[in-house]
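Engineer: Here are the chains, one letter per residue:
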Amino acid sequence: MTQRLWAALAEVQDPEMPVNLVDLGVIYGIAEHGGIVDVDLTFTAMGCPASDFILEDVRERLLREPGVREVRINVVWNPPWTAARLTPEGRDALEAWGLAV
Amino acid sequence: MPSAAEFAQTIKSGELIESPSEMTPEYLRELKHTLIVSGDTELISAPAYYLAAKRAPSINAFMTGIAIIQDELAHAHIAYHILEELGEDQEKLIFSRDPKSFRYPYAFDVPLESWTELVVANGMYDQAGFCLLGDIHDKCSYGPWKRGLNKVMAEENFHLRNGRTWMKRISQAGGAAKDELQRAVDWMFPLSVEWFGLPDTMKMHSTQLEYRLKGLTNDQLRQWWLSTVVPYCEEIGIKVPAHKGTNDGQDLWELDYPFPCEFDAQAKRWDFSKPITWDDVLARWRERGPRNAEMVAMFQEEFHKFRKTHKNGA
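Protein chains in written order, with the numbering used here: chain A, 142 to 242; chain B, 3 to 316.
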């Protein structure tokens, strides 16, 4: 099930950049117990102007997965996000868009 | 410099123009004019949005509003920077022009006075910007501008998202919140429709199209805008004075009011019972609206004050 949830979040695009949240490296952990999903996630910056949208998108996408009845999101700042957390695919996507990473 | 015939051939072939040495003086003039409109529009949207973003209902909403303003300033910078490469003085363009000579859409001169009005601007004005810039990004014959717009399009998408998400949220809240949203749409919708300018029937010749500075006519751009905004408003339960009709089997978006018609900028109210002429509209645009001088002064005054106090310094 958790694997399926990771795949679901890999379909959620960052609202500002053409990269999905998993490749961006902002999803730190997903756990599921009896239909309740706990997500640890961070933002690329503390002043992230898209944070509301990201929380909304994550919740909305996970609730569309069969068997998910509740989503609890825990925003974490440690370890802090850096470009080192990008997957190779995420790095390629951002470089193609013109961002130096 | 190419001859007029050589240049026309280059444009026709679809090749990109990369530097002033490849242009005719007429093309350079038209390109500069188009860039000034684009730069002025992005620049003035910053004070227009800022005066409303101050009323954000949460810290996060305020951050989003401020991030959008930062994007707009960056987009203005792209246009003015290209103008500088084409021989214009950026500083003069921004800080020494008379407020009335700025070339941005009239809509920004009408004050945005609440968070609700700001998000409708994100949903409607930024959609207009998205159509206009999307077309330039797609078709523009001037390479440096076309490439400069790559990131702009992604950022405009973010602004639209802010507009649409909040419009939906406010509509769902119902009651007085929804009434306020409907009132904002009532005056901002027709202003956005007007944004695209003269109808094609009155504009027989477009140098911008001839030079491939843009690819779509005013009416085509207006139709594109209507085809995104009207269905969205209907979906979230907000009324707009337009509907989908057909013409030769093609979708054609039709307005339910005389276009153009009378607008009272102070009261922010349209009078659909009073059709006017395009000469009247152009006269209103030339006069500029209530907030023109205040917004231009917002960035010009401090620049000149700073210059004055530092003239003997470093």
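One or more hints might be untrue.
To be verified - Examples of chain A residues lying across from chain B (beta carbon under 8 angstroms, computed): (1) W147; (2) A151; (3) P190; (4) A191.
To be verified - Listed next, the stretches of chain A that the computed footprint assigns to chain B, with coverage defined by at least 3 CB atoms under 8 angstroms from CB atoms of chain B: (5) 164-176; (6) 207-217.
Claimed, not checked - Negatives, chain B to chain A, calculated, CB over 10 angstroms: (7) A7; (8) E24; (9) A54; (10) N62; (11) A69; (12) L88; (13) R105; (14) S116; (15) K148; (16) K153; (17) A156; (18) G239; (19) Q252; (20) H306; (21) K310.
Don't read these hints as lab results, they were simulated from the structure.
C-beta: ideal position from N, C-alpha, C; glycine also.
Engineer: Since Q252(B) was said not to touch the interface, does its Cβ keep a gap of more than 10 angstroms from each Cβ of chain A?
Structural biologist: The assertion about Q252(B) holds, with a minimum of 32 angstroms to chain A.
Engineer: Three residues minimum, CB to CB under 8 angstroms: does the segment 164-176 of chain A make the cut for coverage by chain B? Let me know.
Structural biologist: Per the Cβ count (0), the hint is violated.
Engineer: Is the Cβ of R105(B) more than 10 angstroms away from each Cβ in chain A?
Structural biologist: holds, 28 angstroms
Engineer: Beyond 10 angstroms from every Cβ of chain A: is that where the Cβ of A7(B) lies?
Structural biologist: holds, 37 angstroms
Engineer: Report holds if the minimum CB distance from N62(B) to chain A is greater than 10 angstroms, and violated otherwise.
Structural biologist: violated, 5 angstroms
Engineer: For the restraint on A151(A), tell me whether the closest CB of chain B is nearer than 8 angstroms.
Structural biologist: violated, 19 angstroms
Engineer: Regarding the assertion that G239(B) does not contact chain A, is the least Cβ-Cβ distance greater than 10 angstroms?
Structural biologist: Given a closest Cβ separation of 20 angstroms, the condition holds.
Engineer: K148(B): least C-beta distance to chain A exceeds 10 angstroms?
Structural biologist: holds, 14 angstroms
Engineer: Test coverage of the segment 207-217 of chain A by chain B using CB-CB distances below 8 angstroms; three residues minimum.
Structural biologist: violated (count 0)
Engineer: With 10 angstroms as the threshold, tell me whether K310(B) passes as away from chain A on beta-carbon distances.
Structural biologist: Holds, since 34 angstroms exceeds 10 angstroms.
Engineer: Confirm or reject the statement that A54(B) sits farther than 10 angstroms, beta carbon to beta carbon, from all of chain A.
Structural biologist: holds, 16 angstroms
Engineer: According to the definition I'm using, a residue is off the interface if its beta carbon is farther than 10 angstroms from all beta carbons of the partner; does A156(B) meet that for chain A?
Structural biologist: Since the minimum Cβ distance to chain A is about 7 angstroms, A156(B) lies within 10 angstroms and the statement is violated.
The earlier numbered hints that this structure contradicts are 1, 2, 5, 6, 10, 11, 16 and 17.
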